[in-house]
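Asks: The residues making up each chain are set out below.
Protein chains: 2
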Amino acid sequence: MNRLDLRNGKVEMVHGSGGRAMGQLIRELFAAAFRNEWLDQGNDQAQFSLPPGRVVMATDSHVIAPLFFPGGDIGSLSVHGTINDVAMAGARPCYLAAGFILEEGFPLADLQRIVESMAAASRAAGVPIVTGDTKVVERGKGDGVFITTTGVGVMPPGVELSGDRARPGDRILLSGNIGDHGVTILSLRESLGFETEIGSDSQALHTLVAAMVEAVPEIRCLRDPTRGGLANTLNELAQQSGVGMQLLEREIPVREPVRAACEFLGLDPLYVANEGKLIAICPVEQAERLLATMRAHPQGRDAAIIGTVVEDVQCFVQMETLFGGNRMVDWLNGEQLPRIC
Amino acid sequence: MNRLDLRNGKVEMVHGSGGRAMGQLIRELFAAAFRNEWLDQGNDQAQFSLPPGRVVMATDSHVIAPLFFPGGDIGSLSVHGTINDVAMAGARPCYLAAGFILEEGFPLADLQRIVESMAAASRAAGVPIVTGDTKVVERGKGDGVFITTTGVGVMPPGVELSGDRARPGDRILLSGNIGDHGVTILSLRESLGFETEIGSDSQALHTLVAAMVEAVPEIRCLRDPTRGGLANTLNELAQQSGVGMQLLEREIPVREPVRAACEFLGLDPLYVANEGKLIAICPVEQAERLLATMRAHPQGRDAAIIGTVVEDVQCFVQMETLFGGNRMVDWLNGEQLPRIC
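Read top to bottom, the protein sequences are chains A and B.
Using my numbering, you'd call the opening residue of the first sequence number 1 and step up by one each time.
Using my numbering, you'd call the opening residue of the second sequence number 1001 and step up by one each time.
Rather than coming from a laboratory, the hints here were simulated on the basis of the structure.
One should not assume that every hint holds.
To be verified - FRET-style restraints, in silico, Cβ to Cβ:
(1) A:F264 - B:G1126: 27 to 35 Å
(2) A:G140 - B:G1242: 37 to 45 Å
(3) A:G169 - B:S1049: 40 to 48 Å
(4) B:S1049 - A:R189: 42 to 50 Å
(5) B:R1189 - A:A215: 41 to 49 Å
(6) B:R1035 - A:M1: 46 to 54 Å
(7) A:G334 - B:N1036: 25 to 33 Å
(8) B:E1160 - A:A215: 56 to 64 Å
Claimed, not checked - Partial chain A-side listing against chain B, Cβ under 8 Å, derived:
(9) G158
(10) V159
(11) R250
(12) V254
Claimed, not checked - List of simulated lysine-lysine pairs, DSSO-like, C-alpha gap at most 27 Å:
(13) A:K10 - A:K141
(14) B:K1010 - B:K1141
(15) A:K10 - B:K1010
(16) A:K10 - B:K1141
(17) B:K1010 - A:K141
Beta carbons are placed, not taken as given, at the ideal position from N, Cα and C, and that holds for glycine.
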């Protein structure tokens, strides 16, 4: 059997058949890139030990278009996204599983580039991809490649975070500037060229989270403002905790090129997706310590306290604007940016 | 906000936006069907305890076409498939995650039917769906619905199974008749009508596995013959263990209507996918006890010892035919049935 033609070859239906060709694709492309002791087990599942503690599990299907973008690609994004979902519980992500849905005709060279990017992201994060699955659908029944990653992790003792724990008086912290990911993708799709000065912020935040929960185990909730952006994620948390929120626009960091691109595109950066930022809510007494901890980490250098949790039976999120007025920051209504992750 | 129109509504791009509409879809359709304490946590991940022991993780993307078939649908299949992948390690499946990729325009009524079928399969198996994700792609970029399920489970103490543990002299057992799933799907696709007397064998095999590993902890390997069928799965195991296999055709159970349909369709039942059968390999000394244990379980009533592991550096799988000849049972070459799971 000839080796897979990774230069000019394409995904064929037979690569999803369970037979010889699928075995070859897994061996020469996936296993070659992800290589680790668990995949070497060669079974339809992986076995591993977990440290004692409550287990956390998260799953995310990735359908981003385009597949490649400044700052990453669907491969690295699928690793970062799921690591972050596990980490937002306060947990340490330990293992990943990956399911691929490939479209017939997709270039193997692109698939290899994506898989190698996943492997690099997984190695950099120290979270191995230990099991996986590959399916192929006919041309026109998919869109190149979709990747579903699932992560498991373990909670450090004494940490308990949940979206329903915010209390009036708590402070709301943001780890850095918003809008980069969404603006990059939209600019690329519309061939606007902003992406030459902006890139996705896609990154794995678990080491930042580990530092935060170690320094301030009293943190109430963590969440990453992905689809729907900061505005939508804060509304989710407000609703879940049965509280309101009062934000300060001047404290919310937005980089200048992102602000300019948003103005040009008619987007509100509050609603634009991020893939490497987090929101933290903690009691007022620990807010300064948490802020200092975040700023001491490279991923939290631009962290800021952006607002306060308030009593509000209507669970409204409001914001004092740059000009001193007050505006409602409502849920995302309708569709701002499809297929952003 | 009006309730979701589950009768005439369709999936829209906005259902994947992360905003209000997605929240509604999750609440009124997914959470309503899956309802459990973990989903009620309302976070982007689930937290749970696992019993002590080695952890097993498996993931499977499901792209079957058509979505509904006699004996199940993509929803029940996606629960059974992943439960079985976890169980084939000898493990007890504990929790499932589910990622949905929906195509714009897909009828919400069909989605609800699928989700309720998943919920029923999960409840029947006692393995809850504790976390999930929903994405939407444009019309023509998907195919109705794809579901990726990931399962975690725990190994009972003292059990160690792997595809590389088969040894010459071991016996090969099969839990029941083969070919039903693949023949059902193909007949349905080609509108041949065989599916009126045949249905998919899709079922969760974890209670059968639990009985087997309890009675015979010496089992070497378990695997479910899905894509590529019995022939391909046995070749995988032979290769992984570095052994040959000698099968007896007369011992391999194939139901009469399946045999007839295979003849009509030009299919070899050995290569046709199953979704509710397993292969077990165990030392000869335990083979009769294992067979009796399997036959005492409703899912193993038709179990049989179908062959013997032999020494063979070429790792060939061979079979004594009904007529006393000997034939090679090679790997699946090419594509027999696309999108069977």
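Asks: Does each hint fit the structure? Answer for all of them.
Replies: For each hint, the structure was consulted:
1. The supplied range of 27 to 35 Å is broken by F264 of chain A and G1126 of chain B, whose beta-carbon atoms lie about 54 Å from each other.
2. Here the CB-CB span from G140 of chain A to G1242 of chain B is close to 42 Å, well matched to the stated 37 to 45 Å.
3. Separation of G169 of chain A from S1049 of chain B is about 32 Å and departs from the stated range, judged on CB atoms against 40 to 48 Å.
4. Roughly 44 Å separates the CB atoms of S1049 of chain B and R189 of chain A, a value that falls within the hinted 42 to 50 Å.
5. R1189 of chain B and A215 of chain A have their C-beta atoms about 58 Å apart, which leaves the hinted 41 to 49 Å range violated.
6. Range check, R1035 of chain B to M1 of chain A: about 49 Å between beta-carbon atoms, so the 46 to 54 Å window is met.
7. At about 31 Å, the CB distance of G334 of chain A to N1036 of chain B agrees with the hint of 25 to 33 Å.
8. Between E1160 of chain B and A215 of chain A the beta carbon distance is about 41 Å. The supplied range of 56 to 64 Å is therefore violated.
9. For G158 of chain A, the interface hint is violated, the least distance from its beta-carbon to any beta-carbon of chain B being 14 Å, above 8 Å.
10. A distance limit of 8 Å between C-beta atoms decides the matter here; for V159 of chain A the minimum to chain B is near 11 Å, and the interface restraint is violated.
11. Evaluation of the R250 of chain A hint against chain B yields a violated restraint, the C-beta minimum of about 26 Å exceeding 8 Å.
12. At its closest, the beta carbon of V254 of chain A sits 19 Å from a beta carbon of chain B; the interface hint therefore is violated under the 8 Å criterion.
13. Restraint check for K10 of chain A and K141 of chain A: the C-alpha separation of about 16 Å stays at or below 27 Å, so the hint holds.
14. Of the supplied pair hints, the one linking K1010 of chain B and K1141 of chain B holds, its CA atoms being roughly 16 Å apart against a limit of 27 Å.
15. Pair hint K10 of chain A plus K1010 of chain B does not hold up; C-alpha atoms about 33 Å apart against a cutoff of 27 Å.
16. Distance hint between K10 of chain A and K1141 of chain B is fulfilled; the C-alpha atoms sit about 18 Å from each other, no more than 27 Å.
17. A hinted pair counts as satisfied when its Cα atoms are at most 27 Å apart, and K1010 of chain B with K141 of chain A qualifies at roughly 18 Å.
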